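Listed below, chain by chain, are the residues.
6 protein chains.
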Amino acid sequence: MSDWLPTLITPTPEAGYDLAVKLARVAVKLTQPDAAVRDKLRPEYAGDADALIAVSQVVATHFATVAAANGYWRGQS
Amino acid sequence: MSDWLPTLITPTPEAGYDLAVKLARVAVKLTQPDAAVRDKLRPEYAGDADALIAVSQVVATHFATVAAANGYWRGQS
Amino acid sequence: MSDWLPTLITPTPEAGYDLAVKLARVAVKLTQPDAAVRDKLRPEYAGDADALIAVSQVVATHFATVAAANGYWRGQS
Amino acid sequence: MSDWLPTLITPTPEAGYDLAVKLARVAVKLTQPDAAVRDKLRPEYAGDADALIAVSQVVATHFATVAAANGYWRGQS
Amino acid sequence: MSDWLPTLITPTPEAGYDLAVKLARVAVKLTQPDAAVRDKLRPEYAGDADALIAVSQVVATHFATVAAANGYWRGQS
Amino acid sequence: MSDWLPTLITPTPEAGYDLAVKLARVAVKLTQPDAAVRDKLRPEYAGDADALIAVSQVVATHFATVAAANGYWRGQS
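Protein chains in written order, with the UniProt record's numbering: chain P, 1 to 77; chain F, 1 to 77; chain C, 1 to 77; chain L, 1 to 77; chain H, 1 to 77; chain E, 1 to 77.
Watch out, some of these pointers could steer you wrong.
[To be verified] Derived lysine-lysine pairs resembling BS3-like cross-links, with alpha carbons at most 30 Å apart:
#1 F:K40 - C:K40
#2 E:K40 - P:K29
#3 P:K29 - E:K29
#4 E:K22 - H:K29
#5 H:K29 - L:K22
#6 L:K22 - C:K40
#7 F:K29 - P:K40
#8 E:K40 - H:K29
#9 L:K22 - H:K40
#10 P:K40 - P:K22
#11 P:K22 - F:K40
#12 L:K40 - C:K29
#13 L:K40 - C:K40
#14 F:K40 - C:K22
#15 L:K29 - H:K40
#16 H:K29 - L:K40
#17 E:K40 - H:K40
Calculated from the structure, these hints are not laboratory results. Every value quoted in this text rests on a predicted model; they were computed, and no experiment measured them.
Let the sequences and hints guide you as you build the complete structure.
If you want it as structure tokens, here you go:
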């Protein structure tokens with residue numbers, strides 16, 4: 001898990017959103033480093049509405065950070 | 001899922017709120033890409049008070065970001 | 001659902017709080033547009049402590065946004 | 001429920017914390033206006049660890065807002 | 001419960017973190033003032049992973065406030 | 001638990017993320033100081049999707065703080 005986060009700066013809001021998704025996933029990897037266990041859990045939560053909403057909440061929190069880091073990409077609007 | 005988020009800037013607070021709803025939904029799509037599964041889950045959580053409140057929480061978090069990006073639409077008040 | 005959010009600016013903190021409550025409710029309406037279903041859910045969550053606390057959390061998140069938009073109504077203190 | 005929130009400005013951090021507690025409770029009152037129902041729910045959640053932690057989370061969110069409104073009471077440190 | 005929060009300013013990040021833990025606990029005390037009940041609940045949630053994570057979430061929210069109040073202790077880095 | 005948090009400043013975003021993970025864990029340690037109990041809980045929540053997502057949420061909240069403290073590491077982009 002090295003060099004996975006060189007910067008919070010992204011060229012577009014969409015790329016910033018993708019980074020937020022990545023930031024949400026890495027904490028799961030660090031807490032459950034066994035890929036086999038994670039692979040077993042994935043269909044479980046991907047088919048559970050509550051879990052999907054909870055994932056979306058984590059992404060929202062990270063997106064706030066990434067958006068602030070990028071000055072909300074205001075120069076592009 | 002490309003070009004769905006060209007900017008965080010919206011003409012009105014209401015359009016900003018709609019964008020927050022969209023931002024909340026995209027994370028669900030990225031985590032559960034199968035539309036058929038999502039369609040099956042929708043009536044389930046749309047009829048569950050706890051899930052609806054949780055969705056509202058995600059929207060609130062994204063709305064905070066969108067509102068900040070737009071300087072709270074202060075010029076229009 | 002048009003013209004329900006012309007501005008985040010409110011004359012008083014109390015009006016700002018009321019707006020936060022409204023912002024919390026609209027996401028529920030957009031996710032569950034059927035008023036009959038919402039009416040059926042309401043007594044259920046209004047009588048459930050966990051749901052009431054969760055609603056209060058959503059309101060708190062929106063109130064943070066509305067308060068920031070209004071410069072915390074500092075001119076009135 | 002009128003005139004319950006004239007200002008977010010408080011003389012001390014402690015008074016700000018008390019205001020955060022109040023802000024957390026008002027959303028519950030507005031969602032469940034029947035005092036008799038609320039009185040029945042209170043012992044239930046006051047004896048439940050998860051509910052107490054959830055209440056504390058709402059207070060934390062409001063305290064962030066009140067603290068920002070007061071410039072973190074820096075002049076008094 | 002008086003004079004427990006004279007200031008949000010702390011000499012170090014660590015002291016700021018301890019203050020965040022305290023801020024998280026006080027809301028529980030105010031909601032459940034009976035120390036005997038709280039003592040009974042403690043082993044219950046201290047042995048429950050979900051409750052421990054939820055406590056950590058409250059601390060994180062308060063730490064954000066305390067860190068901002070202290071200008072992130074930047075002068076000491 | 002002394003001297004574990006000398007500063008919020010980190011050389012890179014990645015190191016900031018690692019610090020966020022640490023900040024999330026310390027609150028758990030302070031609430032459940034018994035390492036044997038924590039060791040028993042770990043496999044339990046590391047194999048539970050909901051718990052992993054909740055941990056990720058706490059990390060996201062702390063990462064927001066650490067990122068702000070570091071000016072979002074903008075000088076390095």
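- Restraint check for K29 (chain H) with K22 (chain L), where alpha carbons must lie at most 30 Å apart: Distance ~14 Å between K29 (chain H) and K22 (chain L) Cα, so the pair holds.
- Task: Measure nothing beyond the straight line between the CA atoms of K22 (chain L) and K40 (chain H); if it is 30 Å or shorter, mark the hint as holding.
- Result: holds, 26 Å
- Query: Has the given pair, K40 (chain L) with K29 (chain C), been kept, meaning a C-alpha gap of at most 30 Å?
  - Reply: With a Cα-Cα distance of about 28 Å, the restraint between K40 (chain L) and K29 (chain C) holds, given a limit of 30 Å.
- Message: What's the verdict on K29 (chain P) and K29 (chain E), does the C-alpha distance respect the 30 Å limit or exceed it?
- Response: holds, 20 Å
- Holds or violated: K29 (chain F) with K40 (chain P), Cα cutoff 30 Å? It holds: about 19 Å lies between the C-alpha atoms, which stays within 30 Å.
- Given the hint that K22 (chain P) pairs with K40 (chain F), does the C-alpha gap stay at or below 30 Å? Status holds; Cα separation ~26 Å.
- Does the structure keep K40 (chain E) and K29 (chain P) at a Cα separation of 30 Å or less? holds, 19 Å
- Taking only the CA atoms, is the gap from K29 (chain H) to K40 (chain L) under or equal to 30 Å? Given pair K29 (chain H), K40 (chain L) holds - Cα atoms ~19 Å apart, limit 30 Å.
- Message: Need the status of pair K40 (chain L), K40 (chain C): alpha-carbon distance at most 30 Å?
- Response: holds, 21 Å
- Task: For the pair supplied as a hint, K40 (chain E) and K40 (chain H), confirm whether the alpha-carbon distance does not exceed 30 Å.
- Result: holds, 21 Å
- Query: Given the hinted pair K40 (chain P) and K22 (chain P), is their alpha-carbon gap at most 30 Å?
  - Reply: This hinted pair holds, its Cα atoms lying about 19 Å apart.
- Query: CA of K40 (chain F) to CA of K22 (chain C), is that 30 Å or under?
  - Reply: holds, 29 Å
Violated hints: none; the structure is consistent with every hint.
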